[in-house]
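Let the hints inform the model, and build the full structure from the sequences given.
Single-letter residue listing:
There are 2 protein chains.
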Amino acid sequence: MTVNIALDAMGGDYGPSEIVPAAIASLSAYSELELLLVGKEEAIQEELAKHNASDNERIQVVHADEVVEMHEPPSQALRNKKNSSMRIAIEQVREGHAHACVSAGNTGALMATARFVLKMLPNMDRPAICTTLPGKNGHTHVLDLGANVDSSSEQLLQFAIMGSQLTSAVENKDNPTVALLNVGEEEIKGNDRVKQASVLLAESNLNYIGFVEGNDLYSGDVDVIVCDGFVGNIALKTSEGLAEFIQHTLRDLFTTSLYGKLAGAIALPILKSLKHKLDPKQYNGASLLGLRGIVIKSHGSADRVSFATAIKEAMIEVEKNVPDRISANLDLLQLEN
Amino acid sequence: MTVNIALDAMGGDYGPSEIVPAAIASLSAYSELELLLVGKEEAIQEELAKHNASDNERIQVVHADEVVEMHEPPSQALRNKKNSSMRIAIEQVREGHAHACVSAGNTGALMATARFVLKMLPNMDRPAICTTLPGKNGHTHVLDLGANVDSSSEQLLQFAIMGSQLTSAVENKDNPTVALLNVGEEEIKGNDRVKQASVLLAESNLNYIGFVEGNDLYSGDVDVIVCDGFVGNIALKTSEGLAEFIQHTLRDLFTTSLYGKLAGAIALPILKSLKHKLDPKQYNGASLLGLRGIVIKSHGSADRVSFATAIKEAMIEVEKNVPDRISANLDLLQLEN
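Sequence lines, in order, name chains A and B.
Each residue of the first sequence is one higher than the one before, starting from 365 at the first, in the working numbering.
Each residue of the second sequence is one higher than the one before, starting from 365 at the first, in the working numbering.
Careful: at least some of the hints might be erroneous.
To be verified - In silico DSS-like pairs for lysine-lysine, Cα to Cα no more than 30 Å straight-line:
{"hint": "1", "chain 1": "B", "residue 1": "641", "chain 2": "A", "residue 2": "641"}
{"hint": "2", "chain 1": "B", "residue 1": "500", "chain 2": "A", "residue 2": "639"}
{"hint": "3", "chain 1": "B", "residue 1": "639", "chain 2": "A", "residue 2": "636"}
{"hint": "4", "chain 1": "B", "residue 1": "500", "chain 2": "B", "residue 2": "639"}
{"hint": "5", "chain 1": "B", "residue 1": "483", "chain 2": "A", "residue 2": "636"}
{"hint": "6", "chain 1": "B", "residue 1": "625", "chain 2": "A", "residue 2": "636"}
{"hint": "7", "chain 1": "B", "residue 1": "636", "chain 2": "A", "residue 2": "625"}
{"hint": "8", "chain 1": "A", "residue 1": "446", "chain 2": "B", "residue 2": "553"}
{"hint": "9", "chain 1": "B", "residue 1": "684", "chain 2": "A", "residue 2": "559"}
{"hint": "10", "chain 1": "B", "residue 1": "641", "chain 2": "B", "residue 2": "684"}
{"hint": "11", "chain 1": "B", "residue 1": "553", "chain 2": "A", "residue 2": "559"}
{"hint": "12", "chain 1": "A", "residue 1": "639", "chain 2": "B", "residue 2": "636"}
{"hint": "13", "chain 1": "A", "residue 1": "641", "chain 2": "B", "residue 2": "636"}
{"hint": "14", "chain 1": "A", "residue 1": "625", "chain 2": "B", "residue 2": "500"}
{"hint": "15", "chain 1": "B", "residue 1": "445", "chain 2": "A", "residue 2": "553"}
{"hint": "16", "chain 1": "B", "residue 1": "445", "chain 2": "A", "residue 2": "639"}
{"hint": "17", "chain 1": "B", "residue 1": "500", "chain 2": "A", "residue 2": "641"}
{"hint": "18", "chain 1": "B", "residue 1": "500", "chain 2": "B", "residue 2": "445"}
{"hint": "19", "chain 1": "A", "residue 1": "483", "chain 2": "B", "residue 2": "445"}
{"hint": "20", "chain 1": "B", "residue 1": "625", "chain 2": "A", "residue 2": "641"}
{"hint": "21", "chain 1": "B", "residue 1": "445", "chain 2": "A", "residue 2": "636"}
{"hint": "22", "chain 1": "B", "residue 1": "483", "chain 2": "B", "residue 2": "537"}
{"hint": "23", "chain 1": "A", "residue 1": "404", "chain 2": "A", "residue 2": "414"}
{"hint": "24", "chain 1": "A", "residue 1": "500", "chain 2": "B", "residue 2": "445"}
{"hint": "25", "chain 1": "A", "residue 1": "553", "chain 2": "B", "residue 2": "553"}
{"hint": "26", "chain 1": "B", "residue 1": "641", "chain 2": "A", "residue 2": "625"}
{"hint": "27", "chain 1": "B", "residue 1": "445", "chain 2": "A", "residue 2": "559"}
{"hint": "28", "chain 1": "B", "residue 1": "483", "chain 2": "A", "residue 2": "553"}
{"hint": "29", "chain 1": "A", "residue 1": "559", "chain 2": "B", "residue 2": "639"}
{"hint": "30", "chain 1": "A", "residue 1": "500", "chain 2": "B", "residue 2": "636"}
{"hint": "31", "chain 1": "A", "residue 1": "553", "chain 2": "B", "residue 2": "684"}
{"hint": "32", "chain 1": "A", "residue 1": "483", "chain 2": "B", "residue 2": "553"}
Since the hints were derived computationally from the structure, they do not count as laboratory data.
Put into structure tokens, the structure is as follows:
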């Protein structure tokens, strides 16, 4: 089967200069892949020419006049930028020209536009953002990461179903473990929404194992961890801040004394591996779940290598038909109630 | 002035075996300090004898029959353990025998017992937990870290006042900067409570600078960051999990190849410094704020060095009279409304 993916070629910090090489590399790697590059035609063609890929028959350029800025309010982007590369890339999915869309653009605008253009699956209110975090014993899918604040216990259950289906599909795991993020593992801990969600999850057909705490986000012991978007966003940003602080401290320690400099020179390859392992771009490609279509959000600062990781994530979700799997399970949920 | 501090000698993972040496070291360091060691007299005397400190006139042993277990439910500890070392240590503050109390015991039980024995300051509902996090450009006081879930906007304002007074007192800063933790810096971001709290903070006499995101917990750019206890606890535990994962990864990288082993041996002193800098015990001594008295929570796994850090924190708060400063400013708040 051919997999068609629409790329918002203008999104992110670098636009076509990194996204076009990512596209070309992905086409070389996956023979079943075809790509629609959406954005300013001239800029895209120029990049294609640089890489001798102007004649690549598996690339189609779709012109889009406008670009959504990284800090543009989502409502404004939705209202005023009907010809943005982001919007037209998403429309390729709605029109059946692409199986999925990948964008490194403004998260809020991507979410609002995807929701408007593709619509939500039945009984779903807003998309949830799901990403993968590395851990000692494996990795963990975490959602929601900022799309929803003040989620109800029913929404937390929906996140759990979506996260479970996604993990089951992309990791080939039959019955992934699901936990709720809380301030303690005991049943009496936490706020009312988390406690109520725990009851709903325990009654569901999910492989629910109970509450976990913040440190479990990096243990890799649980397949799926569910939380409100406010909490998830703060946990993720806190991690970014701490990782940066640690790298800063290491740099300091390895440059302030002669011994430090020597040790630093010797340890450099190891420290580079560490940096690589901690780089959020390594796990690039967050899924916007709950939509009638596949939309993958790449980190805004993604380079060609990490943007290609997001394309790969989109391909897997297409092959595994993630939205249909989620939809089938949301229907089940409704029948149960 | 003599500073008297009551230590819960039985709390934490190690009890008297680390707390007694911490006490003796602190007495050597601070000539104005006197200590009440509360707990099982025999165990404490045995430790004192080991360190030739049985005759130290600045130590008084106060016998307590019972010990609150680390995972005992707070309500049970409060109801059934009226002769616990934790409770009797707190009672020393109420009775005027000590200016402050330090415990490495069960956080929930410490909070519930402190609140019951000492009572809250006027208009305060529950204690907030405040600790210090390290950052690139300095360090930051963060509260609440788990005492309160679902805090109202008024409670977030109270946390801000308490955090500001604490920071001003212990850091000798006139007008510490205060920010609210949110999922974005724009005014429209976040949940209703955070948005309402932002209005209250902007109207207050605090040096309020607006919203910050999770990564700012480790920037050191803001003096005080305020959040709901649910969010604060998860941010803190996420940090612990990530720091552990990074150390695990470093250990792995430095042991899996011959080059790694060599580099690791050379970099070992630097890596030890890193571990030391990341060790939460380095910043030991979280303040329980809002009480009619000073209570410091030490990390449960604190060794003698880090327990002494918590004793030092208690001394500073006594010298700066933190509860009175908070109380004066809470009164002001009420007059304004």
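How the hints compare with the structure:
1. Between residue 641 of chain B and residue 641 of chain A the alpha-carbon distance is near 21 Å, which keeps this suggested pair within the 30 Å criterion.
2. Among the hinted pairs, residue 500 of chain B with residue 639 of chain A is consistent with the structure: their alpha-carbon atoms are about 17 Å apart, no more than 30 Å.
3. With a C-alpha separation of about 18 Å, the suggested pair residue 639 of chain B and residue 636 of chain A falls inside the 30 Å cut-off, and the hint holds.
4. Between residue 500 of chain B and residue 639 of chain B the alpha-carbon distance is near 16 Å, which keeps this suggested pair within the 30 Å criterion.
5. For a cut-off of 30 Å, the pair hint linking residue 483 of chain B to residue 636 of chain A is broken: about 53 Å separates their Cα positions.
6. Distance restraint check for residue 625 of chain B and residue 636 of chain A: the Cα-Cα separation of roughly 16 Å lies within the 30 Å cut-off, and the hinted pair is therefore satisfied.
7. Between the alpha carbons of residue 636 of chain B and residue 625 of chain A the distance comes to roughly 16 Å, so the proposed pair stays at or under 30 Å and holds.
8. Straight-line distance between C-alpha atoms of residue 446 of chain A and residue 553 of chain B comes to about 24 Å, which keeps the hinted pair within the 30 Å bound.
9. For the proposed pair residue 684 of chain B and residue 559 of chain A, the alpha carbon gap of about 40 Å is over 30 Å, so the pair is violated.
10. Between the alpha carbons of residue 641 of chain B and residue 684 of chain B the distance comes to roughly 27 Å, so the proposed pair stays at or under 30 Å and holds.
11. Our distance criterion of 30 Å between C-alpha atoms is met by residue 553 of chain B and residue 559 of chain A, whose separation comes to about 26 Å.
12. A hinted pair counts as satisfied when its Cα atoms are at most 30 Å apart, and residue 639 of chain A with residue 636 of chain B qualifies at roughly 18 Å.
13. Annotation: proposed proximity of residue 641 of chain A to residue 636 of chain B holds, straight-line Cα distance about 20 Å (limit 30 Å).
14. Taking the CA atoms of residue 625 of chain A and residue 500 of chain B, the gap is near 20 Å; set against the 30 Å cutoff, the hint holds.
15. A C-alpha spacing of about 21 Å is found between residue 445 of chain B and residue 553 of chain A, which places the hinted pair at or below 30 Å, so the restraint holds.
16. The hinted pair formed by residue 445 of chain B and residue 639 of chain A fails the criterion: a straight-line CA distance of about 49 Å is larger than 30 Å.
17. Among the hinted pairs, residue 500 of chain B with residue 641 of chain A is consistent with the structure: their alpha-carbon atoms are about 21 Å apart, no more than 30 Å.
18. Taking the CA atoms of residue 500 of chain B and residue 445 of chain B, the gap is near 43 Å; set against the 30 Å cutoff, the hint is violated.
19. Annotation: proposed proximity of residue 483 of chain A to residue 445 of chain B is violated, straight-line Cα distance about 58 Å (limit 30 Å).
20. For the proposed pair residue 625 of chain B and residue 641 of chain A, the alpha carbon gap of about 19 Å is at most 30 Å, so the pair holds.
21. At roughly 53 Å between alpha-carbon atoms, residue 445 of chain B and residue 636 of chain A are farther apart than 30 Å, so this suggested pair is violated.
22. With a C-alpha separation of about 28 Å, the suggested pairing of residue 483 of chain B with residue 537 of chain B holds against the 30 Å cut-off.
23. Taken as a hint, the residue 404 of chain A and residue 414 of chain A pair is honoured in the structure, with Cα atoms around 16 Å apart against an allowance of 30 Å.
24. This hinted pair does not check out: residue 500 of chain A and residue 445 of chain B have alpha carbons roughly 39 Å apart, beyond 30 Å.
25. Distance restraint check for residue 553 of chain A and residue 553 of chain B: the Cα-Cα separation of roughly 27 Å lies within the 30 Å cut-off, and the hinted pair is therefore satisfied.
26. Between residue 641 of chain B and residue 625 of chain A the CA atoms are separated by roughly 19 Å; this keeps the pair inside 30 Å, and the hint holds.
27. Distance hint between residue 445 of chain B and residue 559 of chain A is fulfilled; the C-alpha atoms sit about 28 Å from each other, no more than 30 Å.
28. For the hint linking residue 483 of chain B to residue 553 of chain A, the alpha-carbon distance of about 23 Å falls within 30 Å, and the restraint holds.
29. For the hint linking residue 559 of chain A to residue 639 of chain B, the alpha-carbon distance of about 36 Å lies beyond 30 Å, and the restraint is violated.
30. Only pairs whose Cα atoms come within 30 Å are accepted, and residue 500 of chain A paired with residue 636 of chain B is accepted, the gap being roughly 20 Å.
31. For the suggested pair residue 553 of chain A and residue 684 of chain B, the alpha carbons sit about 34 Å apart, so the restraint of at most 30 Å is broken.
32. For the suggested pair residue 483 of chain A and residue 553 of chain B, the alpha carbons sit about 23 Å apart, so the restraint of at most 30 Å is met.
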